Amino acid sequence: MRFQCRRLQLRQGAFLLQVDLEITGQVIGIFGSSGAGKTSLLEVVAGLRRSAAGFIALDDHVLMDTSARKFLVPEQRGVGYVPQDLALFPHLSVRKNLLYGHSHATLSSRVDLNHVAVVLEIESLLDRSISQLSGGQKQRVAFARALLASPRLLLMDEPLASLDQELKSKIIPYLKRIRDEFQIPMLYVSHSPEEVTQLCDRVIVMRDGKCLRISRPEELFEASTSMALKPGVYDSER
Amino acid sequence: MTTDDAQVIGLTLGTATLSTLIIFPFGVALAWLLARKEWPGKSLVETLVALPLVMPPVATGLILLTLLGRRGPIGVFLQNAFGTEIVFTWKAVVAAMAVMSFPFLVRTVRLAFEEINPRLEHVARTLGASPLRVFTTITLPLATRGMVAGAVWAFARALGEFGATVLVAGDIPGRTTVMSVAIYSDIQLGDDGHAYQFLGVSAVLAFAAILFSNQFSRWGGAR
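In order, the protein sequences belong to chains A and B. Take the first sequence: its letters are residues 273 to 510, numbered as in my numbering. Take the second sequence: its letters are residues 393 to 615, numbered as in my numbering.
Be careful, since some hints might not be right.
[To be verified] Per label pair, the in silico range of CB-to-CB distance: (1) B/Pro432 x A/Arg449: 48 to 54 Å; (2) A/Arg322 x B/Val468: 43 to 49 Å; (3) A/His333 x B/Pro533: 31 to 37 Å.
Don't read these hints as lab results, they were simulated from the structure. Since this is a predicted model, take the numbers as computed values, not measurements. Every residue, glycine too, gets a C-beta built ideally from N, C-alpha and C.
Required output: the full structure, derived from the provided sequences and hints.
Take a look at the structure:
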């Protein structure tokens, strides 16, 4: 996937998101500390926030172009979104959550429910209510729901941030399966070097609303077990 | 209890039900706009809606009388357009109840909408749902308990409405006398026993309405 985000400007009070980049990759990480603008960027890509200026395209599919007065509303973008709190619909069963976006997917691109359920091991959960799921099960159901709408792009906003280390290491293989099995490109927001290294092929480093650099994960982090950021990452401009 | 008493109770229940039904769609729509959207004049509308909560009910009644009376702008319009007179009829009772109970409905339903995580609606949009589908399949079902509670509170408030009603609809036996007004009249006439009968009925109705609201909330919470 070629992701273009040109001359993007979004002001929220004193905070200014200013992004101008083009990047190619299957799973692109967006890495940075809290307040760097990662979630804001995802929300602009999803069409949930409207920026004052900018151009966003996935390959040749233009999502917004303010100079041409083009703005696709979220339901027309074909962009799946898994927020940090997952936002599963609490009044619907697991099956109804999964099928919510399924009917909107075109027949040719439609991802099969049974296939997704098998890959993410949620077949036995379909008739449960959301309140009956554990943290890890909720995570997998949220991934499955986004996948079943057959998006062109999946946006993952720190989906593992609320999990402990043990559960995290159990969920990461499912994300790898999604990457490898369904071949749907992802923008993966995280401030965990471990997740970024395991899942992403390219990483955008953000700070104070700006893109500092674009790298391969192995260029960003020390290869030691500490997974610390290499010195100078935040200092270097692209 | 006489047939006249039954008529008073029937008129009270009927007008309170009708006023609740009339304000419900407007109250829900306004509550949603206040909870979810930013628009010019929002603060002014918020204040206007809350006014009947803090103003003396008789003062609200006077405003209604001015607007709906034979020389009032709305009264003249309704008279010319439909040949309908409002003041000192059962319609004035409904109008007074509607105005006085509207803030209760809007505040309760607004809270219900505000409690819904907006990300649920955002995610539904990214799953391909139009704003209307998001509203009907996500927002409304999740706000159901709040909407029922709001309607019950509005109904209970309408049952007890007195100050605005007596000013705009008066106390015309068989036509505009509702329970609260009947209690006042009975006390004025020294018929305390009769007033206590209406007091008992009012208390039972209000108790039943609030009990229903609480039970419904519990049932909804346990789903």
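Now for the hints, and whether the structure bears them out:
Restraint check, B/Pro432 to A/Arg449: a C-beta distance of roughly 50 Å satisfies the suggested window 48 to 54 Å. Distance hint for A/Arg322 and B/Val468: a CB-CB separation of about 45 Å, consistent with the stated range 43 to 49 Å. For A/His333 and B/Pro533, the hinted distance range of 31 to 37 Å is satisfied, since their beta carbons lie about 33 Å from each other.
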